[in-house]
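Can you make the complete structure from the sequences, with help from the hints?
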Amino acid sequence: MAPIVNGLKQKYQSKMEFRIFDLSAGQGEREASDMGVIYLPTFVLLKTDGTILDIQVGVVEENYLEEKILELIRGG
Numbered sequence: 012m013a014p015i016v017n018g019l020k021q022k023y024q025s026k027m028e029f030r031i032f033d034l035s036a037g038q039g040e041r042e043a044s045d046m047g048v049i050y051l052p053t054f055v056l057l058k059t060d061g062t063i064l065d066i067q068v069g070v071v072e073e074n075y076l077e078e079k080i081l082e083l084i085r086g087g
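Residue numbering for the sequence shown follows the numbering used here, beginning at 12 and increasing consecutively.
Every clue listed holds true.
What follows is a list of derived Cβ distance ranges for each label pair:
(1) Ala-36 / Arg-85: 29 to 37 Å
(2) Pro-14 / Asp-60: 25 to 33 Å
(3) Glu-82 / Asn-17: 19 to 27 Å
Everything labelled a hint here was simulated from the structure, so no lab data went into it. Where a beta carbon is used, it is the ideal one built from N, C-alpha and C, also for glycine.
Right, dumping it as structure tokens:
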């Protein structure tokens, strides 16, 4: 998943913020816990006000992630 996420990050980082945590390395444990993340990988897409737009657990198609990112950028 890392190549897909990194590619999307490069493509959209000027339009939105990406926070990528490696829980196996102890990064973002509190944030993950606060959002109820149990399984990896988990993708949490948040609106600017912190409202959760979408949560996907497991491997996700690149097209799906990109659609959700575009929804966020458009103010979804």
